[in-house]
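K.L.:
Here the protein sequences come in this chain order: A and B.
Read in order, the letters of the first sequence correspond to residues 90 to 253 in the numbering used here.
Read in order, the letters of the second sequence correspond to residues 5 to 607 in the numbering used here.
Worth flagging that the hints you see were computed from the coordinates, not collected in a lab.
Worth double-checking, as some hints may not be accurate.
[As the list claims (entries may be wrong)] Residues on chain B that point at chain A, a partial pick, calculated with CB under 7 Å:
| hint | residue |
| --- | --- |
| 1 | P360 |
| 2 | N363 |
| 3 | D366 |
All C-beta atoms, glycine included, are put in the ideal place defined by N, C-alpha and C.
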Amino acid sequence: MYTIQNREIIKVLVADDDERVIECYREAFGSEEPTRQMRALSALTAELFDTTRELEDQPKFEIVTCNQGADAIQAAAMARDEGEPFDVVILDVRMPPGIDGVEAGYQIRKHDPDVEIVFVSGNSDMPIEEMQRRVPPPVRLHCFHKPLSFVQLAEDVVKMVRAQ
Amino acid sequence: MTLVILISAFMAVSYTVLQLVIAPAFDDLDIAAARSDLHRAESALRNDIENLEAITADWGPWDDMYAYTTGQYPGFESSNLNRPTLANLGLDLLVVYAAEGRFLWGHYRADQKSVSMNTLNALIPNDTDIAALAVHDENSYRTAGYVRTVHGPMIISSRAILRSDETGPIEGAVVMGQFLNEAHLAKHRERTDVDIVLQPADASTAPIETIELQAEVVSARKPLPDIAGRPFLVLQTNTPREISSLGTHTINVTMLFLFIAGALAAGFMWFTLRHNILRPIGKLSAYIADIRSSGDLSRKLSMHHHDEIGVLGKQFDTLVTEVHNARQALLDQSFKAGKADTAAEVLHNIRNAMTPMINGIDRVRKSFNVTKNLRIAESTKQIADPNCPPERKQKFLDYIVASFEHIENTGNDAMADLEIVASQAKQVEGILSDQERFATVAPVVENVMVDDVLGEAANIIPRENPKTVELTMAGGLEKFRVRAHRIGLLQVMGNLILNAYESIKRAGMPAGQISLTACSEMVDDTAMIRVIVRDNGGGFNKETESVIFRRGFTSKSESEFTGLGLHWCANAVASMGGKISASSEGEGCGAEFHVLLPAAQGG
Numbered sequence: 090m091y092t093i094q095n096r097e098i099i100k101v102l103v104a105d106d107d108e109r110v111i112e113c114y115r116e117a118f119g120s121e122e123p124t125r126q127m128r129a130l131s132a133l134t135a136e137l138f139d140t141t142r143e144l145e146d147q148p149k150f151e152i153v154t155c156n157q158g159a160d161a162i163q164a165a166a167m168a169r170d171e172g173e174p175f176d177v178v179i180l181d182v183r184m185p186p187g188i189d190g191v192e193a194g195y196q197i198r199k200h201d202p203d204v205e206i207v208f209v210s211g212n213s214d215m216p217i218e219e220m221q222r223r224v225p226p227p228v229r230l231h232c233f234h235k236p237l238s239f240v241q242l243a244e245d246v247v248k249m250v251r252a253q
Numbered sequence: 005m006t007l008v009i010l011i012s013a014f015m016a017v018s019y020t021v022l023q024l025v026i027a028p029a030f031d032d033l034d035i036a037a038a039r040s041d042l043h044r045a046e047s048a049l050r051n052d053i054e055n056l057e058a059i060t061a062d063w064g065p066w067d068d069m070y071a072y073t074t075g076q077y078p079g080f081e082s083s084n085l086n087r088p089t090l091a092n093l094g095l096d097l098l099v100v101y102a103a104e105g106r107f108l109w110g111h112y113r114a115d116q117k118s119v120s121m122n123t124l125n126a127l128i129p130n131d132t133d134i135a136a137l138a139v140h141d142e143n144s145y146r147t148a149g150y151v152r153t154v155h156g157p158m159i160i161s162s163r164a165i166l167r168s169d170e171t172g173p174i175e176g177a178v179v180m181g182q183f184l185n186e187a188h189l190a191k192h193r194e195r196t197d198v199d200i201v202l203q204p205a206d207a208s209t210a211p212i213e214t215i216e217l218q219a220e221v222v223s224a225r226k227p228l229p230d231i232a233g234r235p236f237l238v239l240q241t242n243t244p245r246e247i248s249s250l251g252t253h254t255i256n257v258t259m260l261f262l263f264i265a266g267a268l269a270a271g272f273m274w275f276t277l278r279h280n281i282l283r284p285i286g287k288l289s290a291y292i293a294d295i296r297s298s299g300d301l302s303r304k305l306s307m308h309h310h311d312e313i314g315v316l317g318k319q320f321d322t323l324v325t326e327v328h329n330a331r332q333a334l335l336d337q338s339f340k341a342g343k344a345d346t347a348a349e350v351l352h353n354i355r356n357a358m359t360p361m362i363n364g365i366d367r368v369r370k371s372f373n374v375t376k377n378l379r380i381a382e383s384t385k386q387i388a389d390p391n392c393p394p395e396r397k398q399k400f401l402d403y404i405v406a407s408f409e410h411i412e413n414t415g416n417d418a419m420a421d422l423e424i425v426a427s428q429a430k431q432v433e434g435i436l437s438d439q440e441r442f443a444t445v446a447p448v449v450e451n452v453m454v455d456d457v458l459g460e461a462a463n464i465i466p467r468e469n470p471k472t473v474e475l476t477m478a479g480g481l482e483k484f485r486v487r488a489h490r491i492g493l494l495q496v497m498g499n500l501i502l503n504a505y506e507s508i509k510r511a512g513m514p515a516g517q518i519s520l521t522a523c524s525e526m527v528d529d530t531a532m533i534r535v536i537v538r539d540n541g542g543g544f545n546k547e548t549e550s551v552i553f554r555r556g557f558t559s560k561s562e563s564e565f566t567g568l569g570l571h572w573c574a575n576a577v578a579s580m581g582g583k584i585s586a587s588s589e590g591e592g593c594g595a596e597f598h599v600l601l602p603a604a605q606g607g
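So that you can see chain A by itself, here it is in the shape it has in the complex:
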């Protein structure tokens, strides 16, 4: 996490093979381009009411998405090389035909032990204990099952990062 104009920026990497789900992540973690009407309302709000502090309290997300585990490993490596590693990596467990999310998480965790890894699974066939065994150590590791509320997930991600 880094800060721009007193506002927290949380870097999130998402890998999921379902484009519809990726879109949900973008909506939950992305920054929508405000419409003209929204910009006017925001300007009036800022002028008539002091909202600077409220804005500072709301973190901003920087999201990178991909569809395969191997792409996620590559994206994490690039960010690390650039000196701005991801704060949170969210991985779908099953992403055929490539490696699964747990293997991708293991590769990312090897080079970045501080990253928060979140596994999101549409199946219940892999218990959290198995994920913890495959991606040691068993800390900064989270598991959510679909269907899930992405808004809630975004709030949880903020809590994870701020708890570090």
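Here the structure of chain A is known, so what remains is to put chain B in place on it, guided by the hints.
P.N.:
Below, chain B alone, put in the same frame as chain A:
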């Protein structure tokens, strides 16, 4: 049959080997014996000649004889040359020649008569032979061999007459002979134990020794030339084929022994094979065929042999049991695995479809909170404040207008989101519809042993200590086989048995009884098997009986509900072409559940 062919082949090979290898060896031995006899006979005749030569060697170089032939000892003839001399010397002929072949004295015995002669031609008509006998010189002072006489063949020896110190000159020849007549040969036969025959030679006589194998004897022949080297006699010996005869007899006895031994061995092998191998293997084959036709892997061969076949039978029993257990496990596992895979797939699809739906609902929820961050009330308050500057009032008015526009847009977005959510809900419904379509697929039916299924289903009853519920299975259940989906039927029967158990426990019966029986019956010309689960539990009233198989019906509390419902059981039995029914005499009187299923062929 195979054994007979094998034994016959063995006999044929043995006979062929004996005839082709052993019998010729006996012939060779016979031939060797015949050759030996021939040589013995020849040796005997040669000994005769040598003996005769020895006598002439005594008489030829003798001073008295010398003096006699030169005319210096006239008394020699009266004192030495007389008839007894021939008898004493065992001679048939004695002739003395003076020098230059001049006949001096001669005598021979023939046909029991003694005959005096003036010339040897009276006995030996051939002058050439006589010349060789009567005249000798330094190069040929003796002659011996066979000659032809008018009384038959004779062995003869002639020796030159010299002084006793064997100095000459040669003054004549002394000739001695013995007839080779039947009496002479008889002595040799007796002495040598060989059948000796002398035959005259002719132009066709082979110049070498020959052997002829005849049926009873082996004839060996050898030509005997006369003293001039001309073909004269054939010495023949006839040797009985005793070795071949003994060999043939031995072969015949051996063949007989082999035949008897072979027959006994074949009989013993046939009995042993039949008793120890063929019959057990036949039993094993019938057992395998029975399993194949019935599909019943619970049957046991129960072979009590203690040999390898018995071990094979026991191992086969073990194998079948393991296959039976493996099939049960596999069926259960495949059923569960199939269900698990299907459930996982359905869950995965539904979860993926619901994920954007929930996201849409989140957005709609967020939309409903649109007014939370808007400060419309505060703005109207500022507008109403007389101290608020008009320009600022206009700004607040603009803010209120913009806020309502934002609310309107958010509302429109929320409506769009709701439409998306509705669309995604349809996707979920589509997935469920797909699954419903698969749910209507008819299960695979097979021949199922009733006792097998009931025995397995009975395991569903919890183990108790002490035991309060006794489950009994009627005898003879093993003869009933039904056409059913094995796992489905197993679940139905397990459910009925578990219901009976729980009914007994709910009723607080101190000695619960569950009995499992079956019987066959004809329903609309179709052979059916009726399986009955009877308990002495709580039972039910008539009102319950009418609804007991309805969807959602249960007499248990929610926490007690552990198995499949009776509604599912009824559907499962119906899908197998059967019927299920229940009856009770009333509450507290126990209950009976009847499952009627099509009988398997022969079940």
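K.L.:
Under 7 Å, Cβ to Cβ, is where P360(B) needs to be relative to chain A, so tell me if that hint holds or is violated.
P.N.:
Status holds, d = 5 Å.
K.L.:
Is the interface hint satisfied for D366(B)? The criterion is a beta-carbon contact with chain A at less than 7 Å.
P.N.:
Where the cut-off is 7 Å and the nearest Cβ of chain A is about 4 Å from D366(B), the hint holds.
K.L.:
Would the hint on N363(B) stand, with a C-beta cut-off of 7 Å toward chain A?
P.N.:
holds (4 Å)
When each numbered hint is compared with the structure, no violation occurs for any of them.
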